[in-house]
Amino acid sequence: MLDLLQQLGLALRIPASFVIIEFVGTMAFAISGIRLASSKRFDWFGALIVGMSTAVGGGTIRDLMLGVTPFWLTNSIYIICCVISLLWVVIFGKYLISQKNTWFIFDTIGLALFNVIGIEKTLQMDFPLWTAITMGCVTGAAGGVIRDILINEVPLIFRKEIYAMACIAGGVVYVTCFKAFGMSAELNALFSSITVVVIRLLAVKYQWHLPVLKGDEDKEA
Amino acid sequence: MLDLLQQLGLALRIPASFVIIEFVGTMAFAISGIRLASSKRFDWFGALIVGMSTAVGGGTIRDLMLGVTPFWLTNSIYIICCVISLLWVVIFGKYLISQKNTWFIFDTIGLALFNVIGIEKTLQMDFPLWTAITMGCVTGAAGGVIRDILINEVPLIFRKEIYAMACIAGGVVYVTCFKAFGMSAELNALFSSITVVVIRLLAVKYQWHLPVLKGDEDKEA
Amino acid sequence: MLDLLQQLGLALRIPASFVIIEFVGTMAFAISGIRLASSKRFDWFGALIVGMSTAVGGGTIRDLMLGVTPFWLTNSIYIICCVISLLWVVIFGKYLISQKNTWFIFDTIGLALFNVIGIEKTLQMDFPLWTAITMGCVTGAAGGVIRDILINEVPLIFRKEIYAMACIAGGVVYVTCFKAFGMSAELNALFSSITVVVIRLLAVKYQWHLPVLKGDEDKEA
Chain A
0 MLDLLQQLGL ALRIPASFVI IEFVGTMAFA ISGIRLASSK RFDWFGALIV GMSTAVGGGT
60 IRDLMLGVTP FWLTNSIYII CCVISLLWVV IFGKYLISQK NTWFIFDTIG LALFNVIGIE
120 KTLQMDFPLW TAITMGCVTG AAGGVIRDIL INEVPLIFRK EIYAMACIAG GVVYVTCFKA
180 FGMSAELNAL FSSITVVVIR LLAVKYQWHL PVLKGDEDKE A
Chain B
0 MLDLLQQLGL ALRIPASFVI IEFVGTMAFA ISGIRLASSK RFDWFGALIV GMSTAVGGGT
60 IRDLMLGVTP FWLTNSIYII CCVISLLWVV IFGKYLISQK NTWFIFDTIG LALFNVIGIE
120 KTLQMDFPLW TAITMGCVTG AAGGVIRDIL INEVPLIFRK EIYAMACIAG GVVYVTCFKA
180 FGMSAELNAL FSSITVVVIR LLAVKYQWHL PVLKGDEDKE A
Chain C
0 MLDLLQQLGL ALRIPASFVI IEFVGTMAFA ISGIRLASSK RFDWFGALIV GMSTAVGGGT
60 IRDLMLGVTP FWLTNSIYII CCVISLLWVV IFGKYLISQK NTWFIFDTIG LALFNVIGIE
120 KTLQMDFPLW TAITMGCVTG AAGGVIRDIL INEVPLIFRK EIYAMACIAG GVVYVTCFKA
180 FGMSAELNAL FSSITVVVIR LLAVKYQWHL PVLKGDEDKE A
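Protein chains in written order, with numbering that gives the first Met the number 0: chain A, 0 to 220; chain B, 0 to 220; chain C, 0 to 220.
No wet-lab data here; the hints were simulated from the structure. We put the beta carbon where it would ideally sit given N, CA and C, even for glycine. Careful, some of the hints might be misleading.
If you only want the chain B side, here are some residues facing chain C, beta carbon under 7 Å, derived [to be verified]: (1) 66; (2) 153; (3) 157; (4) 158; (5) 163; (6) 207; (7) 210; (8) 211.
Please build the complete structure, drawing on both the sequences and the hints.
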């Protein structure tokens with residue numbers, strides 16, 4: 000079953016549409032990092048590193064935890080995507096506000112795909128289902144946390160955004176399709192991705208937030 | 000000798016009392032993270048991640064350095080402990096101040112146990128004794144550093160607390176018992192844990208601090 | 000060829016001069032971290048950890064990514080260098096300003112050597128040339144980023160210093176000598192190191208900076 004999944008998983012990523020989504024998603028993540036770096040007056044190199052951390056940081060943590068070589072060390076396309084993103088911001092910087100919705104869509108589709116990639120990679124290594132959901136969430140959301148640490152801000156996803164929760168919902172859909180209904184990897188990925196995209200779009204449109212944890216007014220824990 | 004240690008080490012963790020200490024210690028660590036996150040107005044998810052980082056972050060760094068799969072990826076009990084901790088803070092938040100001493104004791108006992116677990120795991124992999132002491136300290140103290148980075152504060156243990164030093168003292172006791180006196184793993188663990196607990200309790204009671212390093216009034220290093 | 004490189008690489012590090020450079024470089028890195036920690040009123044332990052993170056942090060990230068045990072876990076000399084650095088700052092703290100140029104030179108030579116070590120270690124594991132350049136840069140520059148995260152500042156190298164770029168230039172020189180001219184590992188290392196040192200010295204003397212990335216005046220990326 001896992002062998003079959005593996006083959007399907009490989010087949011899944013061969014179609015050109017998926018490769019394009021991965022690269023556009025990588026660029027959307029990188030651009031979000033580069034723009035935040037620019038608001039902090041980083042130089043070009045600093046902005047590139049923040050962009051790369053945003054784009055490949057989540058997958059790197061996932062790969063280190065799974066005990067495999069970080070995916071971007073053996074394929075230069077990811078660094079190239081990040082360099083293109085830097086040039087894009089340098090050249091089209093003043094138009095990025097008008098491109099905001101476009102990049103938001105790319106970012107959301109990228110999130111959905113990164114989540115699926117993380118889930119599949121973890122399942123192929125015989126980890127439990129809940130580990131796969133966790134690693135999908137790490138793949139999608141941890142890059143943004145590293146980005147915010149590098150620019151010395153409290154991580155955004157801990158305070159404002161429905162981002163990781165969309166990944167977790169997408170992960171639950173994936174493993175349910177996979178385990179309960181025995182669906183093909185393509186369909187698992189499709190339903191999972193739709194879940195992530197729909198939840199994130201609705202969350203932004205209707206300003207969904209998780210409840211803030213009330214402090215006990217005692218800061219010396 | 001190491002084989003024997005390994006068997007004793009495994010036996011050591013079977014007794015129910017040790018399992019209970021590990022889970023209560025995990026919860027104490029998680030609650031310290033969740034409370035600090037709540038003082039920063041994090042949402043529930045953010046607080047859970049900060050709690051998890053505090054509880055399993057040190058062991059994760061240890062396992063990545065030792066080249067093994069992070070311990071919490073194959074046993075869901077650790078995430079469950081963290082979720083219970085979150086619910087505990089949500090439900091009993093206003094009583095946490097009155098529970099302060101209780102959780103401080105659990106936190107200290109947890110620290111002692113995590114230190115021993117880190118030392119034993121490292122020794123079982125044939126690393127030098129000083130590496131084991133270092134990894135015990137990492138297991139106990141690094142989670143708090145990750146917590147403080149995530150809430151964007153200067154790590155507490157670098158400025159105020161005798162925390163890591165208690166681990167190091169406990170580690171020295173462990174390897175001395177192990178190497179010089181050839182004592183059993185249970186006794187090593189017991190004496191090491193007592194050392195950690197006593198030093199931490201005394202440090203808090205008598206406000207022991209390490210000396211602050213005097214700056215050279217030249218901040219451009 | 001790689002076998003030959005490996006043998007040469009091993010030979011390269013045997014000469015006493017190289018060992019001395021590595022330890023002096025480690026101390027220069029550690030001292031830069033310890034001084035910054037002291038300006039933040041860290042205690043001795045905190046300062047030691049920041050110093051160690053600066054000195055061995057880059058190589059640790061490199062080793063984790065390459066899938067090998069962090070180099071300092073099996074050889075206690077690196078921790079000893081960091082402890083000596085701490086004592087040096089404690090004892091000679093008030094003279095450090097007058098030693099500034101000396102430690103700047105040691106820091107720069109250390110950077111060049113760490114870069115070469117990172118490149119060679121990566122090439123020996125059959126990674127692509129660009130990965131080796133990247134890992135050289137990580138070895139030299141990532142420790143400073145961890146240092147700045149621990150003291151809760153925006154990483155210096157993202158805003159002000161020509162530091163990583165010197166590593167990248169040195170890396171390009173290394174792989175060019177290695178691949179295009181088929182030179183010996185000693186010569187590769189020599190030319191690469193000279194490149195790093197010269198670029199860094201010129202950058203500081205003539206205050207070279209990378210251009211700052213202009214923000215789009217929209218901070219909600």
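message: Output the indices of the hints that this structure fails to meet, ascending.
response: 6
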